[in-house]
Amino acid sequence: MSEAASGSALLRVRDLATHFFTRTGVVKAVDGVSFDVDAGEIVGLVGESGSGKSVTGYSILGLVDAPGRIVSGSIRLEGRELTGLSEPEMRALRGNRLSMVFQDPMTTLNPVLTIGEQIRLAIEAHERVSRATARDRSAQALSRVGIPDAARRLDAYPHQFSGGMRQRVAIAIALLNRPRLILADEPTTALDVSIQAQILTEIKSLVRDLGTALVWISHDLVTVSALSSRLLVMYAGRIVEQGPTAVVLREPRHPYTRGLVDSLPSLGAPGRDLAQIPGNPPSLRDLPEGCAFRPRCARATGACVAAPPTSEAGTRSWRCHHPLETAS
Amino acid sequence: MNASAAANSASADAFVRVDGVSRVFAPRLSLGDRIAGALGGTVDRRAVRAVDGVSLDLARGEVLGLVGESGCGKSTLGRMISGILPPSAGTVRVAGEPVMTAGHRPRKRTTRVQMVFQDPYASLDPRMRIGDTIAEGPLAHGIVKRAAVGEFVAAELARVGLEADAARRFPHQFSGGQRQRVAIARALAMRPDVLVCDEPVASLDVSIQAQVLNLLMRLRRELSLTMLFISHHLGVVRHLSDRVAVMYLGRVVEVGPAAAVYDDPRHPYTRALLASLPKLILEDGVAVTFQAIEGELPSPLSPPPGCHFHQRCNIAQPQCAQIVPAMRSVGAGRIAACHLCGDETATIRRGAA
Chain A
1 MSEAASGSAL LRVRDLATHF FTRTGVVKAV DGVSFDVDAG EIVGLVGESG SGKSVTGYSI
61 LGLVDAPGRI VSGSIRLEGR ELTGLSEPEM RALRGNRLSM VFQDPMTTLN PVLTIGEQIR
121 LAIEAHERVS RATARDRSAQ ALSRVGIPDA ARRLDAYPHQ FSGGMRQRVA IAIALLNRPR
181 LILADEPTTA LDVSIQAQIL TEIKSLVRDL GTALVWISHD LVTVSALSSR LLVMYAGRIV
241 EQGPTAVVLR EPRHPYTRGL VDSLPSLGAP GRDLAQIPGN PPSLRDLPEG CAFRPRCARA
301 TGACVAAPPT SEAGTRSWRC HHPLETAS
Chain B
1 MNASAAANSA SADAFVRVDG VSRVFAPRLS LGDRIAGALG GTVDRRAVRA VDGVSLDLAR
61 GEVLGLVGES GCGKSTLGRM ISGILPPSAG TVRVAGEPVM TAGHRPRKRT TRVQMVFQDP
121 YASLDPRMRI GDTIAEGPLA HGIVKRAAVG EFVAAELARV GLEADAARRF PHQFSGGQRQ
181 RVAIARALAM RPDVLVCDEP VASLDVSIQA QVLNLLMRLR RELSLTMLFI SHHLGVVRHL
241 SDRVAVMYLG RVVEVGPAAA VYDDPRHPYT RALLASLPKL ILEDGVAVTF QAIEGELPSP
301 LSPPPGCHFH QRCNIAQPQC AQIVPAMRSV GAGRIAACHL CGDETATIRR GAA
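These protein sequences, in sequence, are chains A and B. Taken in order, the first sequence gives residues 1 to 328; the numbers are from our numbering. Taken in order, the second sequence gives residues 1 to 353; the numbers are from our numbering.
Just chain A, with the same shape it has in the complex (with noise of 0.2 Å):
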């Protein structure tokens, strides 16, 4: 991540802290992030529920709500500076250059307004245009993503579809309007793994297509590596490693990425003990000194009391006192 690269970038993340201010105490969900998304590029957020990547993505939507706030660093899209914006200034780029996709499309789409009514308003929040334009553009969008017949799909409503044509509806309102960054929050967890598979080759060659840049955020590492080109790792509010999918997947330089990779069942040795990661994820109100992982990581020592340094190498980087060796 030289200062070169990120000069360019289409979206620049530094030292993100949002924290949650409750009776019980502050929850730092994200606790100084820092990241890049170059304009067309596919970037996968990986992490656990409580790990601060849903967080990371409202807080570049600005749709945090109180009791939590932003409470330091920077987000910069396309050089401008969207922390401190006003919510008419957001509402304004929400939708427009920046849009989301939800991981429910149950619970994002209107259950009482027809489909084609959602996708009229919104293309009418961001431009004046008659009904009849409005509609075409509407139709549009959903053959688009690949519902057929769509012109008369238009007057239905939510329910009437299959979840995995609601989330094309969904893509297809996130699409309208040509974003430069799509924010997609598990997008396909609610969807059986046919439709799935479905939901990601077409979202890849749309993105592809549009020339859209898009961060893609599960739990799930599998689905994120099939579309992301860059991976970033988040635990306990904190990206603890990032770099090429590939590479992050073959060689993981952080303990708790390593942990991930072999804890997932694979294909290959069924019937053996998979590597488990020992005990539970830390508490955002109750966090371990220093490094989050050490109280869970067989390569902790008394070192990891203090906050890993970040250490990077080309094209990747890592927070962590004793990564591990790549073979090369």
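None of these hints come from the bench; they were simulated from the model. Please read all numbers here as calculations on a predicted model, not as lab measurements. Each hint should be verified, as a subset may be incorrect.
Derived list of chain A stretches under chain B, where covered just means 3 residues or more per stretch with a C-beta under 8 Å from a C-beta of chain B [stated by the list, open to error]:
#1 184-197
#2 270-279
#3 284-291
Every residue gets a Cβ at the ideal spot worked out from N, C-alpha and C, and that includes glycine.
On the provided structure of chain A, position chain B as indicated by the hints.
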């Protein structure tokens, strides 16, 4: 399906025998609908055949994986095997005894089969202490005397890797993985011969899944459990199972040894399902491969005639739309319900591919 049942139950030593089991969910008609019906109006009486004539055998000590997409009936089948849900037709027997007697309520249910559910937060009573949750069944069935409950619960907790003092706590005081351990302990406290696990790790974090899977594999070895492992996660099923059954829209379409089914799937649906799973290939250059299945799952309210899969199948023939394919042998210990994947055709197809 009777011929298929015969083919499947060739093993005389079947411990769990599922024989032609079906379950139909019919809509309960509202008063208005009933009046409309009585007056000759049209009422939507379409019923869902969630499970449609399924026959399966499990040998003692075997782990049978049951895979399929949501809505294929795998959970409904699991509940019928557990004796929680009465079948509309057919029987489930464990060691020759029916798991549930038909007729009067309360129905008599077997305790030889116990179940572990997907979401341990929903399946544990939030207002019962863990110790009471674990001891409730064994006390009711005389497995343990009240005086010995403390020791009994401590031993059950120890077996799933929890401390004895967990007994005094409530479900919300545990993490998801620990709660699932409690749910497993509760099931095993009943001294079952058969454990039905319905998506036991689907609600858990990735790093916790491996812990619970390892626990299940250890318990299975120690207690010689017979297990039905239901999951949509193909990788997990492959890891645990001796044999695998694949369901599609209420019917079992393929059964066979796990290795054989995964390495050389015979039914076109099994083939497509396995291909759609993103796979990491970590040797020489990481690649993730997957191939999407065309089309959507048909509505279970009006499944297509003939083979349920024919509309999405890339080798379908005219007969597939008309005749329900019977189970037939497709290799050693393997059966599949497909007109086009008998032993010979399969060989030809693979030769051509």
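Okay, the hints, checked on the actual structure:
For the region 184-197 of chain A, the stated coverage by chain B is satisfied: 6 residues place a CB nearer than 8 Å to a CB of that chain, which reaches the threshold of 3. With 8 residues bearing a CB less than 8 Å from a CB of chain B, the region 270-279 of chain A meets the requirement of three and the coverage assertion stands. Counting residues of the region 284-291 of chain A whose beta carbon lies closer than 8 Å to any beta carbon of chain B gives 0, which falls short of the minimum of three for the stated coverage.
Figure legend: structure checked against the earlier numbered hints; the only hint not met is number 3.
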